[in-house]
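**Student:** Work the whole structure out from these sequences, hints included.
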Amino acid sequence: GENVEQHPSTLSVQEGDSAVIKCTYSDSASNYFPWYKQELGKRPQLIIDIRSNVGEKKDQRIAVTLNKTAKHFSLHITETQPEDSAVYFCAATDTGGFKTIFGAGTRLFVKA
Amino acid sequence: GAVVSQHPSWVICKSGTSVKIECRSLDFQATTMFWYRQFPKQSLMLMATSNEGSKATYEQGVEKDKFLINHASLTLSTLTVTSAHPEDSSFYICSARKGGTGELFFGEGSRLTVL
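From first to last, the protein sequence lines stand for chains A and B. Residue 10 in the numbering used here is what sits at position 10 of the first sequence, and the numbering runs on without skipping anything. Residue 28 in the numbering used here is what sits at position 28 of the second sequence, and the numbering runs on without skipping anything.
Some clues are possibly wrong.
[Claimed, not checked] Label-pair ranges, simulated between beta-carbon atoms:
(1) B:ASP27 with A:LEU40: 18 to 28 Å
(2) A:THR69 with B:ILE12: 48 to 58 Å
(3) A:LYS68 with B:CYS13: 42 to 52 Å
[What the hints assert, rightly or not] To list a few chain A residues with every Cβ distance to chain B over 10 Å, as calculated:
(4) ALA29
(5) ALA63
(6) LYS68
By construction, these hints were calculated from the structure, which means they are not laboratory data. Even glycine gets a Cβ: it sits at the ideal position worked out from N, Cα and C.
**Tutor:** Here it is as structure tokens:
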């Protein structure tokens, strides 16, 4: 089955700096890669996603890149703000849009 | 967006009792719902896929007799933790997709504490 690895587990940046979180997946049949943000005690919320027919997607300060050949995808947050502090999960969904498997999560701290 | 509601948000029970958690899709129909378990500071581990009108599909290592799943309607799936033990204490969270999109919408989660 699908296995998603995520790094780093913890990331601390200064406000205004960029943050990059990287994930790899094992199942080449996966074709949908969402990123979720989870604040303490709350439910995960989708922040951006990318499908396998696209290499890059951007939404304001957030961007995601996908390298299908290497089975890598990354989340880039620019101009970080304290409210970006949360746990971020990458995930991969199989071809049938069925199961979504999550990475271990990255705890992002943005210092003011 | 879409709304998924989960109840109860937290529950404390004695060891050996059973606990039922409900997951509802409030503004859409969900033929499939997913149950995840999350330990403190850890990831979301898929436990099982709940299928409306048929048996749930369990992930490897998840005891189906321990975690009973029922998906009797297009808007409701239930997870029953049977004969709960302290090691079952965790955050259980359900999710569902709306239509053909890939996005998962999550419930609020249910924190189970077994004494």
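**Student:** Each of the hints needs a verdict: does it hold here or not?
**Tutor:** Quick rundown of the hints versus the structure:
1. Under the hint 18 to 28 Å, the C-beta atoms of ASP27 of chain B and LEU40 of chain A, about 26 Å apart, fit the expected range.
2. Distance hint check: the CB atoms of THR69 of chain A and ILE12 of chain B are about 50 Å apart, consistent with the given range 48 to 58 Å.
3. A C-beta distance of roughly 46 Å is found between LYS68 of chain A and CYS13 of chain B, which places it inside the suggested range of 42 to 52 Å.
4. Every CB of chain B lies more than 10 Å from the CB of ALA29 of chain A, the least distance being 14 Å, so the non-interface label holds.
5. Distance check for ALA63 of chain A against chain B: the nearest CB is about 18 Å away, which clears 10 Å, and the non-interface claim stands.
6. With a least beta-carbon separation of about 16 Å from chain B, LYS68 of chain A lies farther than 10 Å from that chain, consistent with its non-interface assignment.
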